[in-house]
Amino acid sequence: KDLQIGALYPRSGSLALLGEESWRGAEIARLEINKKGGIGGDSVVFVNADGHDVAAAHSEAERLIEQSKLGLILGSYASSRSMAATEVAARKNAVYFELGAIANSVTERGYQTVYRTCATAFNFSKSQSKFIAEWLAPQLKKKPSEVKVSIAHEDSDYGTSVADSFKNAAKEFGIQVVSVEPYAANTSDLSPVIFRLRKTAPDVIIAVSYAQDAILLSRQAAEFKLGIPLFGTGGGHSLKSFQEALGDKVEGVLNVDFTQYEVNSAFTPGLKEFVALYKATFKEDPKSGHSLANYMGTKVLFDILAQTKGSVEPNAFRKAALSMNLPEGTTSTGWGVKFGENGQNLRADPLIMQWRGGKLVTVWPKAAALMDAVLPK
Amino acid sequence: MPLLQVKNLTKRFGGLKAVNNVSFDIHSDEIVGLIGANGAGKTTLFNLISGILHPEGGDITLDGRPLNQLSPPRRSLAGLGRTFQIVRPFAMTVLENVMVPLLARDPHMGKAREEGMQVLALLRLEHLADTQPDSLTLAQRKRIEVARALATRPKLLMLDEVLAGLNPTEISENLPIIRQVHEQGVTIFIIEHLMDALMAVSQRVLVMDQGAIIASGTPQEVTSNECVIKAYLGEETPNC
Amino acid sequence: MELMIQVLVSGLLIGGVYALISVGLNLIFGVVRIINFAHGEVLMLAMYATFWLNKVYGMDPYLSALLVLPALFFFGVLLQRVVVQPIQEASANMQIFATVALSLILQNIALIFWKGDFRTIQTSYAMSTLEVMNIFVSVPRLVAFLVALASILLLYNFLKHTFVGKALRAIVEDNTVARLMGIRVERLYLLAFGLGAAFTALGGILLIPFSAVYPTVGVPFTLIAFIVVVLGGLGSMSGTFLGGLFIGVVETFGGTYVSPALKEAIYFGIFILVLLVRPQGLFGKGKGTEEIGLK
Amino acid sequence: MSAKRLQLLGITLLAAAIVIPAFVDSRFILQMLTLIFFSIAMTSAWNIPVFGGKMSLGHAAFFGIGGYTGAILYVKFGVSPWIGLPAGVAVSLLGGVIMTLPLLRLRGPFFTLATIAFAEVLRMIAIDWRSLTNGSVGLNIPFKPGWANLTFQSGAPFYFISLILAIAVVFIAYRLRHSALGFHLRASASNDEAAQALGVDTRRAHFIGLLWSSGLTGLIGVFYVFFIYVVEPNTMFSTTLFSLQPALNGIIGGIGTIWGPVIGAVIMTPLGEYLRVYLGTIQQGLNFVVYGVVLIVTVNFIPGGIVSLVRLKSSNRSNGSGSPSGATEAH
Amino acid sequence: MLTIENINCFYGDFQALRDVSLHVPEGQIVSILGPNAAGKSTTLRSISGIIRHRGGRIVFDGRPIGLRKPEDIVELGIAHVPEGRKLFSTLTVKENLEMGAYSRRAKPKLKTNLEKIFSLFPVLSERRNQMAGSLSGGEQQMCAIGRGLMAEPRLLMIDEMSLGLSPLLVQQMFAMVKTIAASGVTILLVEQQVHHTMAIADLACIMEKGHIVLSGSTREISGHPHVKKAYLGM
Ligand SMILES: Nc1ncnc2c1ncn2[C@@H]1O[C@H](COP(=O)(O)OP(=O)(O)OP(=O)(O)O)[C@@H](O)[C@H]1O
Ligand SMILES: Nc1ncnc2c1ncn2[C@@H]1O[C@H](COP(=O)(O)OP(=O)(O)OP(=O)(O)O)[C@@H](O)[C@H]1O
Ligand SMILES: [Mg+2]
Ligand SMILES: [Mg+2]
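Quick mapping for you: the protein sequence lines, in order, are chains A, B, C, D and E.
Quick note: the first sequence, position 56, residue 57 per my numbering, numbers continuous.
Quick note: the second sequence, position 82, residue 153 per my numbering, numbers continuous.
Quick note: the third sequence, position 238, residue 248 per my numbering, numbers continuous.
Quick note: the fourth sequence, position 257, residue 258 per my numbering, numbers continuous.
Quick note: the fifth sequence, position 17, residue 280 per my numbering, numbers continuous.
Hints may be right or wrong, so weigh each one.
Claimed, not checked - So the derived label-pair ranges between C-beta atoms look like this:
1) A:109 x D:14: 42 to 50 Å
2) B:159 x E:393: 31 to 39 Å
3) A:267 x D:148: 52 to 60 Å
Unchecked claim - Going by beta-carbon spacing under 7 Å, a handful of chain A positions derived as facing chain D:
4) 55
5) 56
6) 84
7) 85
8) 88
9) 92
10) 161
Hints were generated in silico from the structure; no laboratory data involved.
C-beta: ideal position from N, C-alpha, C; glycine also.
So that you can see chain A by itself, here it is in the shape it has in the complex (with noise of 0.2 Å):
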């Protein structure tokens, strides 16, 4: 017998890389647990469908839910798609276990079967506050409310909540923004932003990329030797194509993410074994944190529906969720699981790292950083 579980991920357009990257997390715990022999003795089974648009999302949350009979669905990377699949899911009373989408409201909308295990676009930004004034703005010699903080966002759904989530972020600890450049992420050049960026002369510059315009700004903030430290927000600047496109001049790049693969190997249990299935399954090295997350909270995932025996039946799920407690550093990921009350695992704090001789490197917080953070030049 089998136990099917829905995963929804956008695996064709504009975000069929990360997309991709994070089914292929999801489905290594997979295999690895049918290896095991599956759940409950049932081998899981995933109904893989493409949600790369917003309607194609929602349409493919009703197929699996109403079409293939499905109380269970991860994914899904994308906010926007894991906005309008959880939507679906939580009005037909099925469960949905986000795994990768960062956006604050996707847990904010009081929906019982909506949990996520992954940090929010929050946790990204309060990790980054923090981490400016604890660390940046001594480093600098000005007290935190003196940093001053641009944010260069790409105009989508995720630039723009990261970029609100930090400005609120920011506020808590005293920060100063001092300007919100967005563009649209497309672009061919990023020219402007340089200049207006230049103008207002901030400490650091928070950028909310993806992959070709993370490029594209830092390349261009070289080219216009612009000298300000830039500050990565996961997407883009986390891959590895970024340090490709860049080369030396990636060195001393600040970033906040999920966890990466350069980090002490004690706060995170597992992820050694995760790479080499990686490898083993496809090939080749992960392209970014995003599979990890996604392999942790899938298996997050089965633990629960191991207490459940296999049941995915709303309530029973939810208990078994809710009596989840794992402290931080015991899984893959390195975060803990403990989930709150909108399904928001509480436990699941980004991590800061640094592009130091072309590895992304974990640097903070102490308890999972290879290094110390310098500052860049």
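Assemble the complex: chain A is given as a structure, and chains B, C, D and E with the ligands must be docked to it using the hints.
Below, chains B, C, D and E with the ligands without anything else, positioned relative to chain A:
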């Protein structure tokens, strides 16, 4: 007062003066013919009168009403009907083709259908009402062109080579129709290369050459005018 | 003031890239009178070709032009022969859809073969800049600008002075009469499409040092190229160059002084305005571009 | 007469459509049918200006304007969707006026290109005008089921809403086509100069046709928002989803006719979904490749759309060599 | 040299040529006369391959050419000066003439032919760099004929040569045609200027409603009562 009054009308295409300072009148109840060599500017003159082209200078009045500022549809509504030299009926049935101008005047479908059938009857096309024009002969298509123009209930009907490409039998079928339309009180202004046919219907003929009107008069006067013979009829006549 | 000059310079540089990408489209739109919505995908394929030549053989992107341009030329010829020629006489609407479908196919073939990865090439000159009196000029962008200028001059002279170029202009006017002169119209169409693709490919090659390659990289360029061509006037190479610069400058000024997020909206808006005031384009002369609508 | 037969077929299908929910308990099939009905309505509304040869690739503009109006009124100001519906139509009409008046001067491909630009500008404005639209994050319709809120737990209400919408739009398109306006549009499409000379104010006809089209598209947009619960610029103003898709449906079915859009939507909507479900998950992107090939083949081999096959047959019978006249080619 | 046997031509449903047969002997001037829409231009168009004929055949130098493309027919030495001049109006006079020599057959002689044309029509030489679209009607006609001659033709077909030309120009044109014919080029002339044509043509045929109704030597034809009445106004 003349029905149509054209004064000093001029139209250039680049360097070419297709219509050059042309003035003439057409009175109610006339049938006026317009002849002239290929490229003399006859069709251009029609296009100027019907508003498809805008003149560089000159005035056109219909029934005392200046037309210059009116768009082609307004001129049509003011009583100006015309056919096109190159017939391209609308891609709809014959009856529907004729209903188009009727509906532009009164959106009532049933009435348009009824009156459309009347116009078709006048042109002996009623049996073709439901066919698509692209399966018809050129002669029939030219008749649709006339029917459409007639359905605008024009005061002045301008016909551009509606008889061209027709065989003598077809022409002799069509001539009485033109007369019949005329008898219903429509003034007619007709371009035709077929001299015999033109001479048979028109009361007065204008001759154009290189954009200008070079002669005007009864068919007999015109055909014996040496300038006309030279410019249009194609016979060598010295010292014109 | 210094910022103004810097903005102007940057605008002109990106405008040069736009012009280069649009030249190929203009050749196709202006001569074959086909609205090629797969234009950006030709660019994308050229970029992938350049990328792989570098990745696998370590070939310098500028050098790879020697291989990529002929390859894309033949690709263009193939497209004309297989997809476009059968619909050459069809209405413009049908052509739009055939090429939209083509763009869909090419994008997704790229996705199938090369996944959604963002790929870039590392070159020594990728991020090098010249600095003149505090004005920064990106070297690869300057190269792109100069090549754009050069290739537009080349194309201009080709159309103006060579036998084949004149024949290309002749078939735009009247291809039946052109046939009577012994001009092999179909062959020239193939040539026009091939050349159009090759010039577009040149744009792709010059983009590579500062832009990543991914399956949908060409999408925004298609619309930009159309706007540039319509603004510059159909068939006018100098117009295309000026149109490209115009868009580049408008976009950079709008982005810097209004909002980076609205820079596209600004030039789209200006495009619509220009179409209304001058349907023949900013720099087009003679017959309105809308004439083609009549075809 | 083939139109008669098609009509009969349509009525039969309609009867079936009404009883389907009683017999079919698969919500997915209902969902698919709902999507098809939306698609029929969209395509038929898009198709109205096409009677006159004006092909827009910017209809997402009206769809988005309508949808956003409904959503903003409901989510931000608590205004009932039932007021949002006429409001959405009104604002779409306004958009239609703004877009149409200037763009009518353009012909053929230039009209088409300008409509794309128009929709793109609106998309960017929706992204940037955050105080009103909530930017890229968009707005969510809160889940408060009930007819008053146009929000439902079950799929049946939207099945019927979309069915009625489809019937209404097709009916309106049918009436328009067979009214004076339809005659004038068709006449203008086949020979604009001649139509003008016959007293038809063709610009006014195009204008009115586009207004009908934009208003109806706006209306569909409002309903669609409440169906999909989310408004977001890249979806609502999506060129692919709401500008290209109706046009593709139209082309496949046969543009400028009444039944072409219906047939196109009925075939293309499930085809798109089917390809995505069965090919897209085997190999990402494969579905679009197949879809594109289907399109090119159709354009190449049946340029008049599927409807023209039916036409061709019947006219062959009557006169041997009749060819389907491109009723909608823009000259 | 050129023989047409029983060809039919259609525009859509409309039949423009019905069983047309025609013979053009080498070195002669042959004229086709007839009223408007008789099918004269259509006959020339089917010879030069712009439109396809149905049935019958067209033979040039013993070779059937009916199914060849216009581009290939030019290479055989048949040049067609189309009705209404049809110059490339955005190309200059010189460029228009050069286009006339596009064929492989004519290209090598481009330079000498160009000089020849310029000496034949000195006015074209004066205007060589002017856009063809801005020439006067008569100049355009000269340019069109010049462009035809650039193809190095053995058979030159001119459609409505004297259309819209002043009497003086008409006379010059006819004289020119005679000169050209004397240089060994066979001429097929479609004309409305019947008197002039009869004066220079060796053979003539009368075409009406798609049929060839009469053909023979110019003398025979001009003496025919039907022609006298319908075409010569006698
Ligand atoms: N749109 C245009 N652009 C440029 N020239 C034009 C245009 N329309 C007509 N012409 C030119 O104007 C002149 C007059 O043309 P017009 O059509 O009025 O002639 P016509 O007297 O009707 O001739 P026909 O007897 O052949 O119909 C011709 O030389 C023609 O080439
Ligand atoms: N492209 C076309 N499409 C449809 N019908 C055409 C076309 N060209 C010519 N015809 C028709 O074919 C018939 C013969 O035309 P053709 O041009 O051969 O006549 P012609 O003898 O050259 O007349 P003219 O003295 O006016 O030049 C005419 O009835 C004409 O209307
Ligand atoms: Mg005329
Ligand atoms: Mg002729």
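Taking the numbered hints from earlier one at a time, note which ones the structure violates and give those numbers from smallest to largest.
none
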